[in-house]
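**Q** Respectively, the protein sequence lines represent chains D and F. 104 is the number that the working numbering gives to position 104 of the first sequence; each next residue is one higher, with no gaps. Just add 149 to the spot in the second sequence (first one is 1) and you have the working numbering.
Hints should not be assumed to be uniformly reliable.
Unchecked claim - Just the calculated beta-carbon pair ranges, DEER-fashion:
no. : chain 1 : residue 1 : chain 2 : residue 2 : range
1   : D       : A44       : F       : E234      : 43 to 49 Å
2   : F       : E223      : D       : F146      : 52 to 58 Å
3   : D       : I39       : F       : S220      : 26 to 32 Å
4   : D       : A44       : F       : K232      : 37 to 43 Å
Claimed, not checked - Covered by chain D, according to a simulated footprint, are these stretches of chain F (three or more residues, beta-carbon under 8 Å):
no. : region
5   : 170 to 176
6   : 196 to 203
7   : 206 to 215
No wet-lab data here; the hints were simulated from the structure. Backbone N, C-alpha and C fix where the C-beta goes; we use that ideal spot for every residue, glycine too.
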Amino acid sequence: MTQVLAEKIAAVSIDARGPRFSAALTTIVLAVTLVTSNIWILGAQAVVFLIGSTKGPQFTPYAFIFRKIIKPRLKGKAIVEDIRPPQFAQSVGLLFAITGVAGALTGIAPIFTIAVSFALAAAFLNAAFNFCLGCELYLLLLRVRFSHG
Amino acid sequence: MIGGALGSRATLVQFSSAFCTPCRATRALLENIVTDMHDVTHVEVDAEAQLDLVRKLNILSTPTTLILDPSGREVGRAVGAPKREQVMTALAAIRQ
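Just chain F, with the same shape it has in the complex (with noise of 0.2 Å):
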């Protein structure tokens, strides 16, 4: 549903939209943290085109990120741009 493969130890589904400038700066910072670590994949999802899934998971603002584990259960979430700390004790917290 995503439109990308799960990551074995987490995925970051960042929803964006078109009309959002910390969009562009939250993927730069996100697709920089998964270069580094094999185990975590960043998945973009255009809110505007996947509606359904962004009322189910009720998003209402961009940029928000999803933190996925390995089975696809979100544990967290960060609404507007993270912070690099941010995504890597979100990230730390799962590897336990």
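If we strip away everything but chain D, and leave its shape as in the complex, we get (with noise of 0.2 Å):
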């Protein structure tokens, strides 16, 4: 079962601290789309979600930001993680910022800012604390998927 498990994990690993830099530039951008009830702001993190749940994480402009400007400047040994618990979370927030974004084109703006407060709410978790939202998510979802199908 081990044997199964770790050849099911990917090939494809990245510096963990990218995620976490990305992370912490999603709570800025959605803070202030929160603030300003900006739609244009909330448009153009879902397309950074778009990227980073279809190419991965590690093709976002937040990560090159990080590639290009933090990573030079930080000392000590990277740590490399899985893509996929971090492009897990980038779909998890393309879904809000899209809910977010149709509940401001069709005037109903509690699930603009609820949508917005959650995408919020996990990404200064996983900035703050490392929060892994496929580890708390994933199971539940499936749970619930295969119990209605």
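Make the complex out of the two chains shown on their own, each in a separate frame, by following the hints.
**A** Listed below in structure tokens is the structure:
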């Protein structure tokens, strides 16, 4: 069993500090979104989430900033991690961002506020405490999906 | 059902998933602990592939580690990445 799971672990690993830096930037962007109720900022963040969830979290503009500006200034050894947990988190972020945009476009302001707040909370927890969204959500989603399907 | 032999003193059954960063550190810790203990084994279960078991044991997040006694009965459970001392304390309690 251990063998089977080990084989499933993706070969792609990245510097674990990258996703955490991205989460910090995302926190700021979403906080500004919430305060200004600006749908365009949320739209831009949605594009970042889209890239992160489809191409991978190492291809977002935030990851680019991390590689070019932050990483060269960091001391200490890089801890690498599997890209799939942060990629899952990006997908969840995308879902909230799309929901928020839809809320704003249809004029239902509370949907915008709630969706952005959830995304902000997740991004903040990730940046501040290294919170792992996939750990808490993925199994629950699977359990719900397969008990109804 | 867990896909491994029970240890003569205890078995550490770790439920993991692909979208779980601390699962890797937990695997490393538990594998390291059992190398020094011939009577304790570590089994890792892909939660996604064992959803019935996950539901039956009411496992909500990964990593979750169950501590089984020699008869396979659950005597302890760690939700999230456990610390070495926590695992050692739980294992010491089984010996008595």
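**Q** For each hint, tell me whether it holds in the structure or not.
**A** Okay, the hints, checked on the actual structure:
no., hint, in the structure
1, A44/D x E234/F: 43 to 49 Å, "holds (46 Å)"
2, E223/F x F146/D: 52 to 58 Å, "violated (23 Å)"
3, I39/D x S220/F: 26 to 32 Å, "violated (59 Å)"
4, A44/D x K232/F: 37 to 43 Å, "holds (40 Å)"
5, 170 to 176, "holds (count 5)"
6, 196 to 203, "holds (count 5)"
7, 206 to 215, "holds (count 5)"
Comparing the model with each earlier hint shows violations of hints 2 and 3; every other hint is respected.
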